[in-house]
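Peer 1: Chains B and G, in that order, are what the protein sequence lines are. Taken in order, the first sequence gives residues 1 to 544; the numbers are from full-length UniProt numbering. Taken in order, the second sequence gives residues 1 to 308; the numbers are from full-length UniProt numbering.
It is possible that part of the hints are untrue.
Simulated crosslink set (EDC-like; lysine to aspartate or glutamate; CA at most 16 Å straight-line) [claimed, not checked]:
#, chain 1, residue 1, chain 2, residue 2
1, B, K78, B, E421
2, G, K85, B, E213
3, B, K398, B, E421
4, B, K251, B, E32
5, G, K85, B, D273
6, G, K85, B, E216
7, B, K249, B, D82
8, B, K100, B, E213
9, G, K160, B, D273
10, B, K236, G, D169
No lab work stands behind these hints, which were simulated from the structure alone.
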Amino acid sequence: MQVRRFAALAALPVVTSLGLVACGQGGDDAGESNTSAIVSIEIAEPQHLIPTNTNETSGSQVLAALFTPLVSYDAENKPVEDAAESITSTDNTVWTIKLKNGYTFHNGEKVTADSYINAWNYGAYAPNAQGNSYFFEKVAGYADLQSTDPDGDGPQAAPAPKTNKLSGLAKVDDLTFTVTLTAPYVDFKTMLGYTAFYPLPAAAFSAEGVLAEGFEEAIIGNGPFKMNGTWQHDAKIEVAAYDGYPGAKPKIGGVEFRIYQQLTAAYADVLSDNLDVLRTIPTENITSAPTDLGDRYATSPASTFQFLAFPTFQEDFAKPEVRKAISMAIDRDEIIKSVFKNSQQSARSFVSPVVAGYREDTCGASCQFNAATAKTQYTAAGGPSTIKISYNGDGGHKDWVDATCNQLKTNLGIACTGVAEAKFADLLSKVEKKQDVGLFRMGWVMDYPSMENYLGPIYTTKGSSNYYGYSNSEFDTLVAEGTKAADEDAAITKYQAAEDLLANDMPVIPLRFGQNNYGYSTKVRNVEIDLFQRINLLKVEAVS
Amino acid sequence: MIRYIVRRLLQGVLTFFGATFVVYALMFANQDNPLQALAGERPISENVRQALTERYHLNEPFIVQYGYYMRGLFQGDFGQSLTGKDISEMLELAWPNTFRLAVMAVVFAALIGILAGVVAGIRRAGIFDHTTLIITLVLISIPIVVLAPLMQLFFGVELKWFPATAGADPSFYALMLPAIVLGAGSLATYSRLTRTSVVENLRADYVRTAKAKGLARNRVIGVHVLRNSLIPVVTYIGVDLGSLMAGAIVTEGVFNIPGVGSSLFRGITTEDGPLVVGFVSILVIIFIVANLIVDLLYAVLDPRIRYE
């Protein structure tokens, strides 16, 4: 089982992209900054604000203000200790986490090992139905917190799990605890930066393992900001700088997370200086944004990866030569220019440029546009004369799918049609039933910066999101060896060897890497957005 | 009269149950996988699916789900949406905004629409009449999805006469622009209805009689013509008030007003049955009450119409 997360790309695909370009930061240094100012940031109504239940970007943006993670990521996206003093392991199976002293929750409570253990046990316990519970899969004892319905979906209720405590979590002293994994996992430290691994204060629980009523409305964290009042649904969430915070202090007095129903409304507000930061420029405005906002329009790398997948179980697409020829017949740069207005970047590798171990052009000749060779190879390999490309119609994918189809028509001399399914879930269920959908559109957003996150879940035989029936035992072995490697460099060597196999087999066609396109008002500066689409709240400054 | 009101209210109760039942049934028929719809494009883990299915009775047949919902409703409990939020709280937050918006839109549309209609009717075939006809034609033909962003761009972003968005808990001033946008379509209809009605009544016998008796022109128009001309307009306004509340989806989205429209829209996209039915129930009540008031107003406007 792999940690996975399919992109909530419904509205994003056209908007996000372009990996390598460094933060296009238009900082102007004129003017004093105002340390008591409130900065307003656009979000959508979060679904949840409990760390183990939050997996969309709006909720995580709010939680990033309220919580300090065990590790955060440096400029190379390697993990560095944040709330943790040290995270060590000799065998990558038993991890010792020492916490920094002096951190308190916003109600004054000390952050201790128990704050983590209780929060994680709550998150992993199946009846709590936490969306991020699968993040604890690698911790020993996870299976005992789950239960299965005895008759599938039937009338009988599933029995209560055996226990509600992960046997792999053990407290050593107030500031130290150990995590035992079921198998060695070299990237565990990297994983700990994810939202699911935040601690919760004792005040969060009304009884052991039971979350207090209303805690989510006025959540108490260990981060640089504390809640100001309660969550005002569909309106706003206000946070203020927390005086008792021992870490790096923010340069602003607080943040108003303003909830928008539509990005276009937020865009109008940024233009008229009613809103300070818009995290995603709406698709409609992407072409005019550089003119509208000037140097207040900025871009930065995002972790999204868009690709076309083959149903490799279908005879038509069983041959790698056919798959390679199709890939070669697609002119990625042209589509990015004409459809995406250069707001994304062509992908010619299987892992995103944002993770350590990325190499350019690992896909080789198959991802270089070459119409003539593509046609020769396609005919020689006996590719099908009609191709379908399925996509979810609610995500703005029609334009690029049609453009891709037109290229295939021209370059391969075949018939090609784009087929829209109502929702991504509909598409997935058809694929799972192995119905004839032709090629299908997929997207990936990473959970934590590691090559493994771009390989394991998507291509290993038992990968949780391997919908294309790709299975290569050599690949599986290499990824498994990578996760068990002694250190990250050794792991990367294995992962890269695995990636090279993908270039040979081409189970999917890499198309585009994502980019954050964001904008801000004249009242703020030093606005940076990270790989998880979150504004760096410790850097933002208000122009006084 | 009292008997009429009571009868109408009893009919209203039946309508209420019928409407919520139909809406619930439609939501259920349309729902293939509400939990997946909530999760977006991420696959939902089996354990979470199991726990949530049991919590919201999603594996029960539709009639049982409806039963649970109605039982809660009788205890004054609208239940929880699939995201675990109290629907009654969501209603409390959303309704005041939408109500204010819709009332402002109706008042704006009625004031200007009726005034323009009367003037156009009196000066039939004049310049004013032709101008209003053209303007109302334009207003009716521009869909609100085009009109709202355009108005926002011109008056909010470029000219800065109004705030670009209203936001939660908006001021009267901030609601002006969205109300004008929302009322624009109705305004055109009101003015055209009034104009036609006024033109017709001006030719009526009782107006000729009134004029012949030497009544002042203002009195003839203000009392005799206007009062009779308003009947079709009032009918339309009554029905329109309900539609404005339900139809504010676009306006609320563009101007970022957290109201009924936006909640309803989210409920439908996430296949959140209880949420949609909760909002629709209130809409049904508003339609019923609005129509009752319209019927009663008839009697006031035209003494010939009386109810047993």
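Peer 1: With reference to the structure, classify each hint as holding or not holding.
Peer 2: Results of checking the hints against the structure:
1. K78/B - E421/B: It is violated: about 38 Å lies between the C-alpha atoms, which goes past 16 Å.
2. K85/G - E213/B: This hinted pair holds, its Cα atoms lying about 12 Å apart.
3. K398/B - E421/B: Between K398/B and E421/B the Cα gap is close to 11 Å, so the pair holds against 16 Å.
4. K251/B - E32/B: holds, 11 Å
5. K85/G - D273/B: Violated, at roughly 32 Å.
6. K85/G - E216/B: Between K85/G and E216/B the Cα gap is close to 11 Å, so the pair holds against 16 Å.
7. K249/B - D82/B: It holds: about 13 Å lies between the C-alpha atoms, which stays within 16 Å.
8. K100/B - E213/B: Violated. K100/B to E213/B sits at ~30 Å, over the 16 Å cutoff.
9. K160/G - D273/B: Cα-Cα ~10 Å, so holds.
10. K236/B - D169/G: With Cα atoms ~11 Å apart, K236/B and D169/G stay inside 16 Å; holds.
Figure legend: structure checked against the earlier numbered hints; hints not met, in rising order: 1, 5, 8.
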